[in-house]
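**Q** Line by line, the protein sequences give chains A and B.
Going by the working numbering, the first sequence opens with residue 1, and the numbers climb by one from there.
Going by the working numbering, the second sequence opens with residue 1, and the numbers climb by one from there.
Don't read these hints as lab results, they were simulated from the structure.
It is possible that some hints are incorrect.
Derived, one-sided and incomplete: chain A residues facing chain B with beta-carbon distance under 10 Å [as the list claims (entries may be wrong)]:
#, residue
1, I45
2, Y134
3, K137
4, S182
5, E184
6, T293
7, T294
8, L295
9, H298
10, N364
11, S380
For the chain A half of the interface with chain B, some residues (derived, Cβ under 8 Å), not all of them [claimed, not checked]:
#, residue
12, T8
13, K51
14, G57
15, S62
16, V111
17, T133
18, L163
19, A210
20, F211
21, T213
22, P215
23, I237
24, M254
25, L319
26, S359
A virtual CB, placed ideally from N, CA and C, is assigned to each residue, including glycine.
Number of protein chains: 2
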Amino acid sequence: MRYADRITFLEDRSLLEAFSLPKDDSLISFAAGFPSPDSYPMEEIEEAFMKTIKEAGPAAFSYATTQGLDSLREEILKRMKGKLKVSFSMEEIIITSGSQQGVDMSGMLFVNKDDIILFETPSYLGAVNALRTYEAKLIGIPTDKDGIIIDELKKSLVEYGDLVKMIYVIPDYQNPTGRSWSCERRKDFINAIKDYDIPVIEDGAYSEIAFDTEPLRPLVSYDEKGQVIYVGTFSKIFSPGLRVAWLCAREDIMEKYLVLKNASDLASATITQYQMDYYLKHFDMDKHIEKITTLYRHRRNVMADAIDKFFPEEAKYLLPKGGLFIWVELPPEKDTRELLKRALAKNIAFIPGSAFYPSNRKYNEMRLNFSNLEDEDIISGIEILGEVTKKYLEEG
Amino acid sequence: MRYADRITFLEDRSLLEAFSLPKDDSLISFAAGFPSPDSYPMEEIEEAFMKTIKEAGPAAFSYATTQGLDSLREEILKRMKGKLKVSFSMEEIIITSGSQQGVDMSGMLFVNKDDIILFETPSYLGAVNALRTYEAKLIGIPTDKDGIIIDELKKSLVEYGDLVKMIYVIPDYQNPTGRSWSCERRKDFINAIKDYDIPVIEDGAYSEIAFDTEPLRPLVSYDEKGQVIYVGTFSKIFSPGLRVAWLCAREDIMEKYLVLKNASDLASATITQYQMDYYLKHFDMDKHIEKITTLYRHRRNVMADAIDKFFPEEAKYLLPKGGLFIWVELPPEKDTRELLKRALAKNIAFIPGSAFYPSNRKYNEMRLNFSNLEDEDIISGIEILGEVTKKYLEEG
């Protein structure tokens with residue numbers, strides 16, 4: 001078959017397979033990127049489905065509007081205002097099938113072949129994969145512990161000029177590093193971009209999984225021009241399988257997103273939107289989030305303690321203040337793809353850090369998920385991985 | 001904002017708005033393209049949700065695999081084998097969020113800027129809109145009462161040569177005309193394309209909504225090369241709001257679709273897949289389809305009788321043998337966009353036929369949906385529309 005040129009930009013399936021659920025029960029996988037299924041409020045979800053099927057009836061199984069359910073959009077806007085201090089109107093929010101779809105549509109909306117997209121590095125693999133299909137050049141901007149490095153960003157904005165068509169960032173407890181941008185850095189970022197006609201996709205997937213503080217104010221709350229487009233999701237704080245997420249953008253931009261959403265799948269599933277709306281109206285989402293952040297904070301601590309105990313000293317990490325991941329760095333000459341092979345032989349999986357770089361890959365890092373494993377699996381898995389790592393580093 | 005070039009190819013929102021649910025209760029809308037909400041088997045759907053939430057537990061709310069639920073894919077393959085006489089393997093089927101997503105991904109997979117996509121005309125507006133975003137040239141091939149006209153197809157294949165990258169067709173009770181391709185025409189079509197390296201997207205959305213016969217054998221059943229890609233859906237035969245649909249393709253092609261599906265939304269919603277699987281296993285889908293085809297056959301008859309009674313003689317239609325629509329043709333100099341304005345003033349809506357043409361639009365046709373209205377609304381709506389049409393035609 002003769003495929004479109006964009007297909008040559010796609011990663012091969014091996015990465016996709018790394019995310020597949022392990023079929024071997026003895027595998028301890030730190031590769032996952034999802035919340036713990038134990039955390040889903042099953043009884044409340046069941047009630048929400050039951051009640052909403054009875055109350056909404058056939059409407060819950062007909063096409064939703066392309067924008068998504070009015071009542072759900074209102075609930076989300078209320079939450080955003082309360083938690084994130086951002087106000088959007090009902091014309092500025094659309095329901096998407098996962099925030100992944102919001103990111104994908106953004107590529108569709110803004111990016112031509114040979115344009116440039118800027119990412120903080122490392123970045124979310126799913127966004128990199130989605131945006132790669134638009135045949136753009138993906139450029140990574142280095143980060144430090146406080147977020148994207150503003151001088152590096154400015155340098156790229158000057159160097160690439162009008163070719164830069166989009167910036168994609170995850171300022172809160174990002175995937176894969178778990179780091180969060182400081183408040184100062186957020187303001188500096190908005191100052192650095194405000195004179196450019198470039199949309200910023202702010203991915204807030206992890207913003208409410210905050211261990212030590214209230215969620216930080218998102219970039220979009222500092223944006224006076226309406227150039228930041230915010231994507232949010234219930235995947236990490238509630239259930240990823242519902243695929244209920246949202247995207248907020250200035251009204252003139254939203255009009256275009258609506259046409260694209262309609263073209264790509266007409267509308268998101270209806271019953272899952274009703275269920276989510278019912279849940280938000282009748283149950284306490286904040287209490288649920290408190291429950292899961294308590295659980296994940298504990299699992300982060302268990303993993304950090306185990307790393308301190310079992311990993312060689314040369315392996316470095318920063319304790320993340322939220323999110324689902326610990327990011328471990330080995331000495332620069334080491335390659336975690338090689339380490340993964342050895343780990344898999346001992347039934348341990350993780351994602352090598354190089355997978356998360358849109359450009360200028362580094363090979364000496366790895367992403368370890370802590371949200372999705374019981375304490376004993378975290379400890380025994382990290383013990384084995386620590387030993388494998390030690391042995392690998394000792395080879396010099 | 002600087003948008004991608006493809007955005008200039010998009011239709012404006014007016015068409016999208018034509019599909020919005022009427023907010024005015026007094027409007028009688030023949031514009032819809034969906035099944036009757038009264039037809040959903042609500043009690044069985046409710047049971048399927050309840051049971052599956054209990055049985056599957058948290059798995060029903062975690063990420064599904066990108067391919068979709070194994071058990072559901074097996075059920076669909078079994079149905080396809082029984083009803084349509086086509087066999088695909090488990091590696092050749094993927095669950096999509098509506099067949100719309102399958103069509104959209106096909107554009108992504110096969111079409112470069114300035115390539116050519118062939119459509120039978122008129123064709124499904126959603127497919128035209130989705131494929132338009134890939135910046136291709138859309139060429140319509142004329143049809144007659146037996147389907148796409150093979151000589152016209154051959155002429156275009158020769159004329160455009162390697163530029164033709166995809167053919168999109170709806171051989172069964174198609175949207176918008178309700179016509180079905182004859183068996184002979186299906187075989188001739190496969191013969192005409194088999195020496196070209198061009199994928200055919202066969203949209204089977206209406207194949208089981210057959211009023212007088214068993215579903216016809218799809219194109220894909222005559223295809224020995226694996227160049228036909230089949231999209232199917234539960235939207236028209238069960239519930240559109242679940243967004244559960246599927247796409248079948250040869251394994252080497254499917255590998256690419258998987259990467260694209262992963263990039264576009266990771267996976268379809270999980271609980272709706274479980275629910276559909278439960279329904280197929282525990283209830284009688286064939287009986288349900290018999291129920292709705294009986295209902296729609298009746299409504300088709302009511303509409304046809306009303307047209308015969310109230311429309312002027314110059315308005316022509318063919319009685320459709322399945323599907324959801326009657327396609328009415330006025331004298332060639334007439335414009336149904338003008339007619340729509342007058343109809344809306346009398347609280348009657350429909351979709352002007354010109355909306356369904358990818359190229360070389362004709363303006364003298366209209367699509368009337370009969371599946372979604374009660375008898376009395378069909379009759380009184382057609383009476384009013386008939387009067388408006390008479391008056392419009394009399395103006396000469």
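**Q** Run every hint past the structure and note whether it holds.
**A** Now the hints, each set against the structure:
| no. | hint | in the structure |
| --- | --- | --- |
| 1 | I45 | 7 Å, holds |
| 2 | Y134 | 8 Å, holds |
| 3 | K137 | 14 Å, violated |
| 4 | S182 | 28 Å, violated |
| 5 | E184 | 27 Å, violated |
| 6 | T293 | 19 Å, violated |
| 7 | T294 | 18 Å, violated |
| 8 | L295 | 14 Å, violated |
| 9 | H298 | 19 Å, violated |
| 10 | N364 | 26 Å, violated |
| 11 | S380 | 23 Å, violated |
| 12 | T8 | 11 Å, violated |
| 13 | K51 | 11 Å, violated |
| 14 | G57 | 7 Å, holds |
| 15 | S62 | 5 Å, holds |
| 16 | V111 | 5 Å, holds |
| 17 | T133 | 6 Å, holds |
| 18 | L163 | 11 Å, violated |
| 19 | A210 | 23 Å, violated |
| 20 | F211 | 23 Å, violated |
| 21 | T213 | 28 Å, violated |
| 22 | P215 | 23 Å, violated |
| 23 | I237 | 13 Å, violated |
| 24 | M254 | 11 Å, violated |
| 25 | L319 | 27 Å, violated |
| 26 | S359 | 18 Å, violated |
Violation of the numbered hints given earlier is confined to hints 3, 4, 5, 6, 7, 8, 9, 10, 11, 12, 13, 18, 19, 20, 21, 22, 23, 24, 25, 26; the remaining hints are satisfied by the structure.
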